[in-house]
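Those protein sequences? They're chains G and H, same order as listed.
Numbering (the numbering used here) for the first sequence: 1 to 507.
Numbering (the numbering used here) for the second sequence: 1 to 370.
Worth double-checking, as some hints may not be accurate.
Pair ranges (Cβ atoms, derived) [unchecked claim]:
#1 Val-164/H / Val-17/G: 55 to 61 Å
#2 Leu-346/H / Arg-380/G: 35 to 41 Å
#3 Ala-82/G / Phe-155/H: 37 to 43 Å
#4 Gly-388/G / Val-164/H: 51 to 57 Å
#5 Asn-153/H / His-98/G: 21 to 27 Å
#6 Pro-285/H / Ala-82/G: 52 to 58 Å
#7 Arg-380/G / Ile-345/H: 33 to 39 Å
#8 Met-160/H / Gly-113/G: 44 to 50 Å
#9 Pro-394/G / Arg-351/H: 18 to 24 Å
#10 Arg-319/G / Phe-155/H: 54 to 60 Å
#11 Val-17/G / Phe-45/H: 35 to 41 Å
#12 Gln-90/G / Arg-356/H: 27 to 33 Å
#13 Leu-346/H / Glu-126/G: 48 to 54 Å
Lysine-lysine pairs mimicking BS3-like chemistry, simulated, CA-CA at most 27 Å apart [stated by the list, open to error]:
#14 Lys-237/H / Lys-225/H
#15 Lys-237/H / Lys-381/G
#16 Lys-371/G / Lys-225/H
Short, incomplete list of chain H residues facing chain G, as computed with Cβ under 8 Å [what the hints assert, rightly or not]:
#17 Asn-67
#18 Leu-200
#19 Ser-201
#20 Gly-202
#21 Arg-204
#22 Thr-226
#23 Phe-230
#24 Ala-234
#25 Asn-238
#26 Lys-250
#27 Arg-356
Don't read these hints as lab results, they were simulated from the structure.
Keep in mind that this is a model prediction, so the values were computed, not measured.
Think of the CB as a built atom: it goes at the ideal place given N, C-alpha and C, for glycine as much as any other residue.
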Amino acid sequence: MESPHTEALSLRGITKVFPGVLANDDVNLSARRGEILAILGENGAGKSTLVKILYGMYQPDSGTVSVNGRAVGIRSPKDALALGIGMIHQHFTLVPVHTVWENVVLGLDPSSGRPAGGKGAALELEKLGRRYGLEVDPFAVVADLSVGMQQKTEILKALYRSVSILVLDEPTAVLTPGEADNLFAFLREFRAAGNTVLFITHKLGEVMEIADRIEVLRGGRNAGSFLQGEVSERELAARMVGGDIPSVGETLVRPAGRDVLEVRDLWVRGGRGHHAVRGVSFTVRAGEILGIAGVSGNGQEELADCVCGLARQERGEIRLDGRILPREDPGAVFRAGVGYIPADRHREGLVLDMTVEENLVLKNLSAYSRKGFLREGAMRKNAERLIGEYGIRPPLPGSRTASLSGGNQQKVVAAREIEAGRKCIVAVQPTRGLDLGAAAHVHRMLAAARNEGRAVLLVSTELSEVVSLSDTVAVMSGGEIAGIFPRESADLRTIGLLMAGRKGEPS
Amino acid sequence: MTAEKHGGNSLSESLTDPDGILSSLFFSSLSVFLGLASAGVLMLFLGHSPAAVYRDLFSFAFRDVYNIADIFAKAAPLILTGLAFAFAFRAGLFNIGAQGQFYLGAVTSAACALSFPFLPSWLLLPLCAAASMAAGGLWGGMTGYFKARFNANEFLVSMMSTYVAVAIMDFLVRSPLREAKGEYPQTDVLAEASWIPSFLSGTRFHWGFFLALAAAGAAWVLLWKTTLGFRMRAVGKNRSAARFAGIREKNVFVSVFLVSGAFAGLAGFLEVNGVQHMVVQGFNPLLGAEGIGIAVLGGAHPLGVVLSALLFGALKVGGLLVTQTSSVPSSIIAILEGFVMLYVILSFYLRHRLRRACARRRAAAGGEAP
Numbered sequence: 001m002e003s004p005h006t007e008a009l010s011l012r013g014i015t016k017v018f019p020g021v022l023a024n025d026d027v028n029l030s031a032r033r034g035e036i037l038a039i040l041g042e043n044g045a046g047k048s049t050l051v052k053i054l055y056g057m058y059q060p061d062s063g064t065v066s067v068n069g070r071a072v073g074i075r076s077p078k079d080a081l082a083l084g085i086g087m088i089h090q091h092f093t094l095v096p097v098h099t100v101w102e103n104v105v106l107g108l109d110p111s112s113g114r115p116a117g118g119k120g121a122a123l124e125l126e127k128l129g130r131r132y133g134l135e136v137d138p139f140a141v142v143a144d145l146s147v148g149m150q151q152k153t154e155i156l157k158a159l160y161r162s163v164s165i166l167v168l169d170e171p172t173a174v175l176t177p178g179e180a181d182n183l184f185a186f187l188r189e190f191r192a193a194g195n196t197v198l199f200i201t202h203k204l205g206e207v208m209e210i211a212d213r214i215e216v217l218r219g220g221r222n223a224g225s226f227l228q229g230e231v232s233e234r235e236l237a238a239r240m241v242g243g244d245i246p247s248v249g250e251t252l253v254r255p256a257g258r259d260v261l262e263v264r265d266l267w268v269r270g271g272r273g274h275h276a277v278r279g280v281s282f283t284v285r286a287g288e289i290l291g292i293a294g295v296s297g298n299g300q301e302e303l304a305d306c307v308c309g310l311a312r313q314e315r316g317e318i319r320l321d322g323r324i325l326p327r328e329d330p331g332a333v334f335r336a337g338v339g340y341i342p343a344d345r346h347r348e349g350l351v352l353d354m355t356v357e358e359n360l361v362l363k364n365l366s367a368y369s370r371k372g373f374l375r376e377g378a379m380r381k382n383a384e385r386l387i388g389e390y391g392i393r394p395p396l397p398g399s400r401t402a403s404l405s406g407g408n409q410q411k412v413v414a415a416r417e418i419e420a421g422r423k424c425i426v427a428v429q430p431t432r433g434l435d436l437g438a439a440a441h442v443h444r445m446l447a448a449a450r451n452e453g454r455a456v457l458l459v460s461t462e463l464s465e466v467v468s469l470s471d472t473v474a475v476m477s478g479g480e481i482a483g484i485f486p487r488e489s490a491d492l493r494t495i496g497l498l499m500a501g502r503k504g505e506p507s
Numbered sequence: 001m002t003a004e005k006h007g008g009n010s011l012s013e014s015l016t017d018p019d020g021i022l023s024s025l026f027f028s029s030l031s032v033f034l035g036l037a038s039a040g041v042l043m044l045f046l047g048h049s050p051a052a053v054y055r056d057l058f059s060f061a062f063r064d065v066y067n068i069a070d071i072f073a074k075a076a077p078l079i080l081t082g083l084a085f086a087f088a089f090r091a092g093l094f095n096i097g098a099q100g101q102f103y104l105g106a107v108t109s110a111a112c113a114l115s116f117p118f119l120p121s122w123l124l125l126p127l128c129a130a131a132s133m134a135a136g137g138l139w140g141g142m143t144g145y146f147k148a149r150f151n152a153n154e155f156l157v158s159m160m161s162t163y164v165a166v167a168i169m170d171f172l173v174r175s176p177l178r179e180a181k182g183e184y185p186q187t188d189v190l191a192e193a194s195w196i197p198s199f200l201s202g203t204r205f206h207w208g209f210f211l212a213l214a215a216a217g218a219a220w221v222l223l224w225k226t227t228l229g230f231r232m233r234a235v236g237k238n239r240s241a242a243r244f245a246g247i248r249e250k251n252v253f254v255s256v257f258l259v260s261g262a263f264a265g266l267a268g269f270l271e272v273n274g275v276q277h278m279v280v281q282g283f284n285p286l287l288g289a290e291g292i293g294i295a296v297l298g299g300a301h302p303l304g305v306v307l308s309a310l311l312f313g314a315l316k317v318g319g320l321l322v323t324q325t326s327s328v329p330s331s332i333i334a335i336l337e338g339f340v341m342l343y344v345i346l347s348f349y350l351r352h353r354l355r356r357a358c359a360r361r362r363a364a365a366g367g368e369a370p
């Protein structure tokens, strides 16, 4: 244990429970002055919850936070800033139409002694920028800046408030390699001045490059604390994904079917203009489940969206049964025989205020209309059949979809999409938020579709889901396919390394 | 929203279901009651007994056949402007421009009647009706087109388009359509062949009321029996899911505003050919705004719109007579209507809370996150 005078920050026994989820379970963490501490973990490891507690956005159910050896209660980001804790969110919190200096002084505590006027602030910002290599034109409008410059603005905003503990949540996710190098140079500079950095990431390469100490989280718990140099990447990857290999289930040996879904050199831009998918190629055959593992935000959802006609395809081609799939036309892709179970069923898959029978024909309306009128009899029959086949409860076609449980809502989406995906089914996070029984049911439905000879593309951040369900496992990282293995030869440690951004053949 | 959709639920569930028809009825009635009570408090301040005023109001409204018939005459255009708002609202869109669509429908209908006074009634009336719907529909459709094409805010565009429509009407009744005498900014009296026949002779209750009812029926069929209605409701309730399902929302925007504007335009035909028999500059200036209130009070359901319009019609008829025969200021009726609107909107918040509480209770019972 560090002696109190060098310990900048310590979290003791932090527990945070959300309804049905134990996000943090007795987590301990400490960081010294002049140290970069990396917090490493998969999705759902509890990293974000932990830093949100630190920044006053959540209150822990139990446990204590100490800053500079003193126990503190952080009730809001304002409290955190007053204690010298600054945070750089993954999604920036800038006002795009305002200039850099306006963003920096927005919400500034008048007692901070920092100038809040344009001229004074600009001078001060230029000084800070020169000192830390964060030069940004204070009078530039944020919307005109590149992502890297916007991040510099965010950091300047924190430095302007004289923070001594800087928390960065996946800061390199949106940066180009050059911008990332600049960021690391700044972090070293900042550390050299006696400050503390908490660096949240799932990328092993960054951890090895920048961190002094590494704290691994898994499933909301501490899963190991290491000093730089005393741990290998393989060890970290293993700690991150856990050692327990999920049960594989019965292996279905079947002759390789024809190629159904072929993706060649696909490039797709993400929401912030960066290339989220970078030259991805793969093939899914009839009667095969291809599972794509990876930490979220590595291009998987953009890939699935693009296949299903929802995202622009910048380059490359997608074929279904040898024919080019229609682009940017979700209705046409659906009619071509591709079902899509989207990640966010509430936002994308269902109209919750409509009835179950209406949602079951949502995508295939033309088949249920005659001269512009709905064929209600056919809709009812379709609903009754699917409700029976997929075990949707309550078995009432006319009930409002919002009144169903989460599992049954997902069954409605799955029933519609599996029914329509005559050739291919794309499922993204199909069991997110479901209890075990409902998840197993969805898994059985996907496996049944595979056994009928359809091609299934499964995207999930739950490694165990991918490995237990897929015939072939692919890992996506940084918008690229980092590796593809038949399930029999898939090794969790290798997959963990690939997920964490390590390329090539691990020894 | 309709009863049939809750057919599977037990009665107790439909009573407590915040989206059920019974709950809609309950909250609307409660709002009306609270509105009456609040306006009553104001009457007390003015030195009038609310009980006496309300007694007079309702006894006046239902005093004789003429007054009762007048309720229907007043309600007819309100049903249509109410439908105009309610229909667009079902698609998650705001048509604030019913007033302008109504005006353009009115002048177009009058222009039709003035241009073809020689036509027989059976030809002229449908012609005027169709012309008014086309004018209102196209004017409204313009808003939908701007939204689809330029992603313009339909709330603002439709609201602003009313000012343009008012200016167009002003121009028309001052120059091309101005009365032969050239005295006032109004048209000549229309040929009698273009008058909507009276339902009860000696009253203002004309067959146009049944046209409004038919429009409400048509709105119901459109919303719940056609694919357009299905797409509209999907877009209205969850735009991204509709997009993901391949529904082209731009087509929906234009279609919705075409239909919505046609409803408001038809109100112009009813008022011009059924009641005024001419167009006077700036007549019925609140029809559009009252339509919004009626749609909200009626839960944006065609049946609710009809009932609310009748209630507002009764308040208008009774209120007018009360304020004419006593010292109660005439603005008290507008204030009363305003209070009712206010409580209806507040009840949305209450129902939202209720819905959340229901969801929590269900989550607790089911043990699964919704």
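Okay, the hints, checked on the actual structure:
1. Val-164/H / Val-17/G: 55 to 61 Å: Given range 55 to 61 Å: holds, Cβ gap about 58 Å.
2. Leu-346/H / Arg-380/G: 35 to 41 Å: For Leu-346/H and Arg-380/G the Cβ distance comes to about 38 Å; the hint holds.
3. Ala-82/G / Phe-155/H: 37 to 43 Å: 41 Å, holds
4. Gly-388/G / Val-164/H: 51 to 57 Å: Since Gly-388/G and Val-164/H have Cβ atoms about 56 Å apart, the given range 51 to 57 Å holds.
5. Asn-153/H / His-98/G: 21 to 27 Å: 22 Å, holds
6. Pro-285/H / Ala-82/G: 52 to 58 Å: Once the Cβ atoms are compared, 56 Å apart, the range 52 to 58 Å for Ala-82/G and Pro-285/H holds.
7. Arg-380/G / Ile-345/H: 33 to 39 Å: 36 Å, holds
8. Met-160/H / Gly-113/G: 44 to 50 Å: 48 Å, holds
9. Pro-394/G / Arg-351/H: 18 to 24 Å: 23 Å, holds
10. Arg-319/G / Phe-155/H: 54 to 60 Å: Between Arg-319/G and Phe-155/H, where Cβ atoms are some 44 Å apart, the hint is violated.
11. Val-17/G / Phe-45/H: 35 to 41 Å: 54 Å, violated
12. Gln-90/G / Arg-356/H: 27 to 33 Å: 29 Å, holds
13. Leu-346/H / Glu-126/G: 48 to 54 Å: 52 Å, holds
14. Lys-237/H / Lys-225/H: Within the cut-off at roughly 17 Å; holds.
15. Lys-237/H / Lys-381/G: OK: Lys-237/H and Lys-381/G at ~24 Å, within 27 Å.
16. Lys-371/G / Lys-225/H: It holds: about 11 Å lies between the C-alpha atoms, which stays within 27 Å.
17. Asn-67: 41 Å, violated
18. Leu-200: Hint on Leu-200/H: violated, closest Cβ of chain G at ~36 Å, above 8 Å.
19. Ser-201: 39 Å, violated
20. Gly-202: 42 Å, violated
21. Arg-204: 37 Å, violated
22. Thr-226: 5 Å, holds
23. Phe-230: The hint holds - Phe-230/H has a Cβ within 8 Å of chain G, the shortest such distance being about 6 Å.
24. Ala-234: 5 Å, holds
25. Asn-238: 4 Å, holds
26. Lys-250: Status violated, d = 14 Å.
27. Arg-356: Violated, because the Cβ-Cβ distance from Arg-356/H to chain G comes to roughly 12 Å (cut-off 8 Å).
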